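Enquirer: Keeping the supplied structure of chain B fixed, place chains A, R, F, X and E upon it in accordance with the hints.
Residue numbers (our numbering), protein chains in the order written: chain B, 1 to 119; chain A, 1 to 119; chain R, 1 to 98; chain F, 1 to 98; chain X, 1 to 137; chain E, 1 to 137.
In short, the hints are calculated from the structure, not lab data. Any given hint might turn out to be false.
[To be verified] Computed, partial: chain B to chain F, Cβ under 8 Å:
1. Ala2
2. Lys23
3. Leu24
4. Ser27
5. Lys31
6. Arg112
7. Leu114
8. Gly117
9. Gly118
Owing to the predicted nature of the structure, the values given are computational and were not obtained by experimental measurement. Ideal placement from N, C-alpha and C gives every residue a C-beta, glycine not left out.
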Amino acid sequence: MAVLSMGIFSSLIGSMSTDFAIKLASSAIEKGHKVNLWLSGNAVGLVKKSQKHLKDYSTGEKHLIDLMQKGVEICTCEACTYARGIQKADAIEGVQWNAMHWYLAKIHSSDRVLQIGGE
Amino acid sequence: MAVLSMGIFSSLIGSMSTDFAIKLASSAIEKGHKVNLWLSGNAVGLVKKSQKHLKDYSTGEKHLIDLMQKGVEICTCEACTYARGIQKADAIEGVQWNAMHWYLAKIHSSDRVLQIGGE
Amino acid sequence: MKLAVFVSDYRLNVDTLDRLTSAKLGIILVQNGVYHATLKENGKPSSLLGKNADYYVLMDDLETRGLGSATIDDNIKVISYGDIVDLIFNEYEKTAWL
Amino acid sequence: MKLAVFVSDYRLNVDTLDRLTSAKLGIILVQNGVYHATLKENGKPSSLLGKNADYYVLMDDLETRGLGSATIDDNIKVISYGDIVDLIFNEYEKTAWL
Amino acid sequence: MADKKLAFIVQRTPYKSENPKLALTHAISYQTVEILLEDGDTVTPTVCLVGDGVIACLKDQKAMETYGITSTEMHLKSALLVDLDVMVCKEDLDRFGISESMIVLDAEDMGADKKIQIVPFASIVETIKNANHVLFF
Amino acid sequence: MADKKLAFIVQRTPYKSENPKLALTHAISYQTVEILLEDGDTVTPTVCLVGDGVIACLKDQKAMETYGITSTEMHLKSALLVDLDVMVCKEDLDRFGISESMIVLDAEDMGADKKIQIVPFASIVETIKNANHVLFF
Chain B
1 MAVLSMGIFS SLIGSMSTDF AIKLASSAIE KGHKVNLWLS GNAVGLVKKS
51 QKHLKDYSTG EKHLIDLMQK GVEICTCEAC TYARGIQKAD AIEGVQWNAM
101 HWYLAKIHSS DRVLQIGGE
Chain A
1 MAVLSMGIFS SLIGSMSTDF AIKLASSAIE KGHKVNLWLS GNAVGLVKKS
51 QKHLKDYSTG EKHLIDLMQK GVEICTCEAC TYARGIQKAD AIEGVQWNAM
101 HWYLAKIHSS DRVLQIGGE
Chain R
1 MKLAVFVSDY RLNVDTLDRL TSAKLGIILV QNGVYHATLK ENGKPSSLLG
51 KNADYYVLMD DLETRGLGSA TIDDNIKVIS YGDIVDLIFN EYEKTAWL
Chain F
1 MKLAVFVSDY RLNVDTLDRL TSAKLGIILV QNGVYHATLK ENGKPSSLLG
51 KNADYYVLMD DLETRGLGSA TIDDNIKVIS YGDIVDLIFN EYEKTAWL
Chain X
1 MADKKLAFIV QRTPYKSENP KLALTHAISY QTVEILLEDG DTVTPTVCLV
51 GDGVIACLKD QKAMETYGIT STEMHLKSAL LVDLDVMVCK EDLDRFGISE
101 SMIVLDAEDM GADKKIQIVP FASIVETIKN ANHVLFF
Chain E
1 MADKKLAFIV QRTPYKSENP KLALTHAISY QTVEILLEDG DTVTPTVCLV
51 GDGVIACLKD QKAMETYGIT STEMHLKSAL LVDLDVMVCK EDLDRFGISE
101 SMIVLDAEDM GADKKIQIVP FASIVETIKN ANHVLFF
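If we strip away everything but chain B, and leave its shape as in the complex, we get (with noise of 0.2 Å):
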């Protein structure tokens, strides 16, 4: 077992890094890793819970739970998600809200690291 942790950086809905994430993170998982995932920019919009599953757009909600329930850790930029009018009792629960330390402390440990940047 290894450790993987990824810095989500993109809109839920648009360029596919969340969905592609969220992918690799599953894989990552059913090989028997463990994944940190760090959520900041405009990625934190993830983070809404009550999110309407709706054909034409990706969603991450049902996501985000399931990789929750199989071990993943989740954070949340606390400052980001402010920002964006989200606060905790609006967002999906099992989340972690930190200040953006969590995602150096979780590369501290980890063996690899995938920052999905770009635009």
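Expert: Okay, now just chains A, R, F, X and E, sitting in the frame of chain B:
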């Protein structure tokens, strides 16, 4: 007096497109024009209320309220907004919720249209 | 056709503008598009500036990026948000955003 | 250094990859990066494919874009999400995302 | 009583930003716009795929099977189904070596009469010129 | 007890996406990471501006005055203030014709000892090679 309709499709924070649209709308109003703003795609995050104005991040709430008070009509794409987990109860008061045809109808009666697309 | 084209980025991944023909063309540099007015890569001005068009650049967006006192070519007019409103309504009929 | 570079877009606005040197380089085409494996602009394969690297392309992302049955060059290995996991942990030490 | 012609210009690859898809869904919404218009008023959109935007019409997109979302191909077919004019730039298809056999040409399977129109760039410029408003995505 | 070296690579212009700024703020957060680490463990980030990323260090950015948000210049200065190594690629500055007089070189006004390091691209490659993990933005 003439009518300008703008479509905003970018996230509140990141590209500076919403900052641009808000300032342009404000200037058009000052010059006596009528402005309509249509929010779709990632721009719908803009309607979430309780945005915390941290100085590192662009903010939209106070500007939207200010524009609406000056007579700007603002409408968010229903499906896009629900897909992101934002309900009417979560939204800034006064923002209209409608389907995409709202934008086309406003365009019909507009003198000028500025569709802010890009990436 | 009188077309006002907003250029909002420095790296443009579209070539539509290169191929469009318009009786009257205005190019308004906003957001990161303002770098076209100031940066010279390998000593050369941006190829965007070589068109038969009227050029404008938004002062607020120059200032935001540390370019408030940069030298701007004479054929590029430095404008305000209010000027953009006037251009859209008085000088052009349609707009494009790149 | 053993570096796995994820190329996630078709129009790359960065040249970092062109300048990086690495003892072992893997280029994994994902998302719109998969177009590099299939599109030939003006008859030419993507310049991205001319490096001294091992190439991979993600099947799910080919299929998403209507390229599930496209002809892929022999030097590009079509892989799954599970394969990416194995590559990251077993073949490379660091990752880059372009 | 007036008809307003709108040109929706898709210039970028699908699946990187939501915009190419939103161009199509917004154009498609013309079908129901009359409920918000005065009697006799109409809106007529034309969708134009140019530059990297032509890649959107590759057929057999399996986005639903892989990621559970509607493909851009399906949105193009929906546009044909509601009788929209959809133009694809011939020069750009040629540039990418994309032949007619590789792309969506119609939505006959959904019962649509309209077909994709492969046209020279000059026709797209004409569409832009004849439009009351242009929306670049 | 271990130190982990991280390289933060900023390759794109500021103000187009949030990422160049977030690269800086994430690197800066190393200052408080010890509360989440075992005693003696540390994280040492280095920030590298390459390609279009070097544009971020132009000085006199007035983002606060124009749009009410912290400028990227200010984030760079904050990075120096917390003693981060910040490297800027010399070849890219030269390519854009950006001279030292046009960029942020230090944050002396805020009391920082660290200065911006203008280095050849080869030094940035070395930093990447010596890092335990690399984060491309």
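Enquirer: Next, verify each hint and record whether it holds.
Expert: Cross-check of the supplied hints:
1. Taking 8 Å as the C-beta contact cut-off toward chain F, the hint placing Ala2 (chain B) at the interface holds, the least distance being around 5 Å.
2. About 5 Å separates the beta-carbon of Lys23 (chain B) from the nearest beta-carbon of chain F, less than 8 Å, and the hint is met.
3. Among the interface hints, the one on Leu24 (chain B) holds; its C-beta lies about 6 Å from the nearest C-beta in chain F, closer than the 8 Å criterion.
4. For Ser27 (chain B), the interface hint holds, since its Cβ comes within 8 Å of a Cβ in chain F; the closest pair sits about 4 Å apart.
5. The restraint placing Lys31 (chain B) at the interface with chain F holds, with a minimum CB-CB distance near 5 Å, inside the 8 Å limit.
6. Hint on Arg112 (chain B) holds. Least Cβ distance to chain F is approximately 5 Å, under the 8 Å limit.
7. Satisfaction of the interface hint for Leu114 (chain B) is found here, the shortest Cβ-Cβ separation to chain F being roughly 5 Å, below the 8 Å cut-off.
8. Contact between Gly117 (chain B) and chain F, as hinted, is supported at the beta carbon level, the nearest pair being about 5 Å apart and thus within 8 Å.
9. The interface hint given for Gly118 (chain B) is met, as the beta carbon of that residue sits about 6 Å from the closest beta carbon of chain F, less than 8 Å.
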